[in-house]
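Listed below, chain by chain, are the residues.
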Amino acid sequence: MDKNNLSETFFADDDRVDGLAKVTGKAKFTAEFKPAGLTHAVFVCSTIAKGAIKHMNIYEAKNAPGVIDIIYYLNCPAVPGYKPVDRIANPNARDFTGLKVFHNNMVVSNGQPIALVIADTYERAVHAASLVKVEYIKEKSETDFDKNKFNDKLLKPRPEYVRNQKDAWKNAEVFLEEEYTMPVETHNPMEMHATIAVWEGGKLTVYDKSQGPKNVQGELGRIFAIDEKNVQVITEFVGGAFGSSLRSWPHVHAAVIATKKLNRPVKVTLNREQMFTMVGYRPQCWQKIGIGASKDGKLTGIAHHAVSNTSSYEDFTEGISSVSQYLYDCPNVFTTYKILPLDINTPTWMRGPGPGTGCFALESALDELSYKLNIDPIELRLINNAEVHPQSKLPWTTKFLKECYALGKEKIGWHKRPTTPGSLKEDGMLVGYGMAVGVFGAGRNPATAKGILKNDGTLLLQSAVSDMGPGTSTAMVKIGSEQMGLEEKKVRFELGDTDFPTGPTQGGSGSATAVGSAVIAVCDAIKLSLKEIAIESIAGFKNVKPENIKYEAGKLIAANNVSIHFMDLLKETGKPEVQVSKSSSSFAQRDKYATNSFSVHFVKLHVHPVTGVIKLKHMVSAADAGKIISEKTARSQMVGGAVGGIGMAMTEESLIDHRYGRYINSNFVDYHVPVHADVPPMDIVFPNQPDYIISPTGAKGIGEIALVGVAPAILNAVYNATGKRVRDLPVTPDKLI
Amino acid sequence: MIRFILNEKTIATELPPGMVMLDFIRYQQHLTGTKIGCREGDCGACTILVGELVNDEIHYQSMTSCLMPIGNAAGKHIVSIEGINFKDQLNPIQQAMADEGATQCGFCTPGFVMSLAGYCLSKGEFDQGTAIASIDGNICRCTGYKPIERAAGKMATILKERNGEDEIAFVTRKKILPDYFTGIKNRLLEMNTAARGRSVPDPAGLKARPHIMGGGTDLYVQHHETMSSADIHFVFDHPELNGIHKEGNKCILGSSVTVSDLKRSPIINDAFPGFQQVAKLISSTPIRNMATIAGNFINASPIGDFTIFFLALDAQLILTDGITTRELPLRKLYKGYKTLDKRPEEQIEKIWFETPGKDSYFHFEKVSKRTHLDIASVNTAIHLKLNGNTIEQASLSAGGVGPVPMYLQKTSDFLKGKEISDALIGDSVEIMKTEISPISDARGSKEYKTLLLAQLIKAHFMERRLLSS
Ligand SMILES: Cc1cc2nc3c(=O)[nH]c(=O)nc-3n(C[C@H](O)[C@H](O)[C@H](O)COP(=O)(O)OP(=O)(O)OC[C@H]3O[C@@H](n4cnc5c(N)ncnc54)[C@H](O)[C@@H]3O)c2cc1C
Ligand code: FES
Ligand code: FES
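Top line first, the protein sequences correspond to chains A and B. All residue numbers for the first sequence refer to our numbering, where the first residue is 1 and numbers rise by one. All residue numbers for the second sequence refer to our numbering, where the first residue is 1001 and numbers rise by one.
Hints in this document: simulated from the structure, not taken from any laboratory. Keep in mind the model is a prediction, meaning the values are calculated, not measured. By construction, the Cβ of each residue, glycine as well, lies at the ideal position given by its N, Cα and C atoms. Misleading hints may appear alongside valid ones.
[Claimed, not checked] Residues of chain A placed beyond 10 Å of chain B at every Cβ, according to the derived structure:
(1) E482
(2) V610
(3) K632
(4) H672
(5) V675
[As the list claims (entries may be wrong)] With a Cα cut of at most 27 Å, we get these calculated DSSO-like pairs of lysine-lysine:
(6) K724(A) <-> K409(A)
(7) K550(A) <-> K28(A)
(8) K1280(B) <-> K1458(B)
(9) K149(A) <-> K1446(B)
(10) K140(A) <-> K338(A)
(11) K1358(B) <-> K1342(B)
(12) K545(A) <-> K571(A)
(13) K615(A) <-> K1174(B)
(14) K1174(B) <-> K724(A)
(15) K735(A) <-> K1446(B)
(16) K615(A) <-> K1263(B)
(17) K489(A) <-> K1087(B)
(18) K1433(B) <-> K28(A)
(19) K1458(B) <-> K617(A)
(20) K28(A) <-> K632(A)
(21) K1280(B) <-> K28(A)
(22) K1009(B) <-> K735(A)
(23) K1416(B) <-> K490(A)
(24) K735(A) <-> K1433(B)
[Stated by the list, open to error] Computed footprint of chain A on chain B, listed as stretches where at least three residues anywhere in the stretch have a Cβ under 8 Å from a Cβ of chain A:
(25) 1167-1177
(26) 1355-1363
(27) 1404-1417
(28) 1432-1438
(29) 1458-1465
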């Protein structure tokens, strides 16, 4: 593999280890690999939302210059894994539920891939795709969430949750009931998805933009009935994903189908429009919260109901209303959740899935309640702080939420917040302050890593994970260097290749703890090997027990003060290196502890009194994320997540024209991700308290809590500035005049 | 044959001139540091530098290569990220980006580095504010921009030391850009002397070449497929169609003047003291470097910012088909949705307008869903001739409230001869409502747009009162 001559020596200790490749444009993203004989493929997509293809005329396209083949439902080779599984032979096997690409003439969403045009160049593939003519048998489609969100004929309910009384909030001294809505949000990483598949001599090599190469390897092995060891997935750099690369989508299957059919390498690339219809999105959601408290602010009941959409062919769920079960100490809680199948593609996890949506409603409602009670919103949260998990009554492994309130409150200047909304002005602008809490599950997945400690004093670590941006490599280098007492530039972490030991999928903020734990296990095992070598071959160590040998800054030290550096040890014993692979298991104490990371976000903003234009002035995020392994990447994660939250609050919304079931803003002109000018000065603060119960890394995960809670903090500040409560995201200027 | 320099290499290509530079760089030259995020000018991942000779001096600007035809590169220096890399070290821009943790996934990073390289070659003032403004066309989905902001700030600090030294001399001496940059000017001079006379398009050839290409920022977004192989008449670099000058009160613009040209022009900044603020709300640095005024008029978008701006100024167009020339008020150009009083073979040659005098008040307002790097939901401009508090003449224009960019004739007439008062503004809003016909779309409902325009008319006058007090 081309490693672009990374030379880490340019970097100071805390810098990203792969920064060099990225700032020089040498980092190789999936679409940039060029296996010999590469062909280029693009999709023809459906233009109706529901129905069937009556006829597809590929004649003109097939004869266009450079076209190699066109694959569609009439000529697509069968894919073994698309067949229903034999449950008698394999009781545990499950049917493949995703879109079975090109396997019949059914259309289940607008923008569904219905043919793949493969040509010698990308331009020719694009041109030929425009020549494919499709006739449809159109059926009435349903894409309108608002119209159907109470339609019991369509809705699929999930199990209800009741703690004590369902409706206790209604009898409270102070209560409210409100509805909150959120539109479809699209991940839109900067790099568009691409897959290159190469089928050669019974071996499948796939270059894929993936958050989990191992996962893709397993899935492709199953779907195409290829022994896993003959499937290699390579993901060197991932240009952002935020959840969109957590599973393998139809384009990945299409690339494999094509390379197997043609026996040539095939590259399938998506364009920006297809990023809206093929790789998931955060589903649209309606929520209703009833919440009640005694006059002194003690919560007495919460009822939290949520409906979010899924596709007609797959049930996608995430834990939306369940945040109300555990974020605050409340005796009576009732939550429901239903999913609404629509004729659009399947949603997927997007940064902060579940709590991202749930906290928007709960944290808005709590703010509303604080005004009714005339209690400061932070105070209200402190009154109801959950000391133990309210459902299981288990203690949290660690919980430093109170510290986060204190740190953030100070930084934002909370004392300047007007208690009466709309009462403070600066330079003619209305001023508002707001805050909200974020939460996400923490834990630890199993992972394996390999370590090679060489006699030249370097440590190479490997694991088959990928890094979509948070800086997994950087963190692993840091952990490796700390464990082995080596300078960071002597440690290197390789990832993104399924030939390396199994690593977890990067998602749910779990990479650092999982892979980090494996790296620590590897380092411990390397130290043990070194000790054993010393005991066996070095005079001063004879008969010393390994536990009586210390390892410090690369040196083995026995009790009698005899010491040897591992480089000398390896050289003297004629060993070029020590190599070990180690796994770390998943978090095993779920029956003893509750595990979460927490964040509190604070916002100060201005609202133009005439036009309703919002200008963020200052944001502070405080995060209880356990130990901060790398300060710089952790901050960058927090700021990046907060800006994702700004998008959720103020700009991002994928809009569908229900006549055709088609997105009308599937481009960067009309789908507004935050730009630099939208982002105010930001402060990030961490209590930085290690959680060694979850894992030896001490970390709890940052990626999700960086975003969860940001949107309600902004909305709460808008209310504080204007006295207008916006409950429908995003808060664009039209909602304020 | 199109000749230009790409990084250090001289290029002479017979490829279709409508091919975009992005495709040329990535697919013909296999330089993959220039990234693709949207192909519509919105993300900046494909940012390159374009150096051109202006009065025999070389002048660099950032542009989005996804919207730039190679036909607009003739005789210029095109720089991709590969062209600013040093063999064995990072340049200070890259070092600052790495040191500040300004790269997460790294996909946007080359684009940011190129925008900052453009900043290092710019003539303006250097401070945190200008540094950040130079990256206004780059989107990053990961970092939240703050680390990039710090890296940009570091560059501003370095550039403050320039003190009037020649840009190229400074950046090469400081090892910000490689040494070969010093030789480019002469190479371009030679190349352009050789090509002189041939590269200038022949106006009489217009009939044969129906597609007129300005900066391409609209054409490629609308018709990407067709433009790459179309027969194109390039007007962007035509010397006769460039330049801004003044004759008495008359300000005359070449049709290919870009938004950045306006932004830099002392004539414009004198005439419109708030112009820098206006320009900030319009697209982004690389797009402003490409977007021409004629292109803004002819694309006939109902929310074209400069169309609205110049409608209130009663700008006049000089149109030519190469044989006959005529003058047409901009207000008469729009006949219906995207239908113009212009024959396909006619091109805009010049635009002129009277600059606002001492007793004039001119103001422009724009509100969009996202404050920056977004097209307007509603925009409006007002031009008043005042005698004390009395309006002697009024011109009010508004975009986003009808099928074409609108000159609000009735409201303008109503304001004429009246004293400014709250009641007058209230009444004028009622008249405005009778002459607009907004529709509901992704930028807002028709009720919202009506309400917003009413608010913006108030804002025009609020601003006016602030000014006079
Ligand atoms: C990311 C992005 C952001 C944008 N933001 C804004 C914004 O904020 N506000 C705004 O108003 N616009 C915006 N635009 C639209 C566009 O940039 C402007 O309308 C620009 O002024 C078009 O000029 P151009 O030279 O690039 O046009 P081109 O694409 O070259 O041409 C546009 C049309 O004008 C014709 N034309 C060009 N020159 C002449 C001439 N001399 N005579 C006759 N016809 C001619 C062309 O044939 C074509 O029909 C944006 C575009 C992009 C891509
Ligand atoms: S690719 Fe996005 S601006 Fe060019
Ligand atoms: S670092 Fe990922 S888009 Fe900027």
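Hint check:
no.: 1; hint: E482; verdict: holds (19 Å)
no.: 2; hint: V610; verdict: violated (5 Å)
no.: 3; hint: K632; verdict: violated (4 Å)
no.: 4; hint: H672; verdict: violated (4 Å)
no.: 5; hint: V675; verdict: violated (5 Å)
no.: 6; hint: K724(A) <-> K409(A); verdict: holds (23 Å)
no.: 7; hint: K550(A) <-> K28(A); verdict: violated (42 Å)
no.: 8; hint: K1280(B) <-> K1458(B); verdict: holds (22 Å)
no.: 9; hint: K149(A) <-> K1446(B); verdict: holds (26 Å)
no.: 10; hint: K140(A) <-> K338(A); verdict: holds (23 Å)
no.: 11; hint: K1358(B) <-> K1342(B); verdict: violated (35 Å)
no.: 12; hint: K545(A) <-> K571(A); verdict: holds (22 Å)
no.: 13; hint: K615(A) <-> K1174(B); verdict: violated (38 Å)
no.: 14; hint: K1174(B) <-> K724(A); verdict: violated (53 Å)
no.: 15; hint: K735(A) <-> K1446(B); verdict: holds (13 Å)
no.: 16; hint: K615(A) <-> K1263(B); verdict: holds (24 Å)
no.: 17; hint: K489(A) <-> K1087(B); verdict: holds (20 Å)
no.: 18; hint: K1433(B) <-> K28(A); verdict: violated (55 Å)
no.: 19; hint: K1458(B) <-> K617(A); verdict: holds (25 Å)
no.: 20; hint: K28(A) <-> K632(A); verdict: holds (23 Å)
no.: 21; hint: K1280(B) <-> K28(A); verdict: violated (34 Å)
no.: 22; hint: K1009(B) <-> K735(A); verdict: violated (54 Å)
no.: 23; hint: K1416(B) <-> K490(A); verdict: violated (77 Å)
no.: 24; hint: K735(A) <-> K1433(B); verdict: holds (20 Å)
no.: 25; hint: 1167-1177; verdict: violated (count 0)
no.: 26; hint: 1355-1363; verdict: violated (count 0)
no.: 27; hint: 1404-1417; verdict: violated (count 0)
no.: 28; hint: 1432-1438; verdict: violated (count 0)
no.: 29; hint: 1458-1465; verdict: holds (count 3)
Hints 2, 3, 4, 5, 7, 11, 13, 14, 18, 21, 22, 23, 25, 26, 27, 28, counting from the list given before, are not met by this structure.
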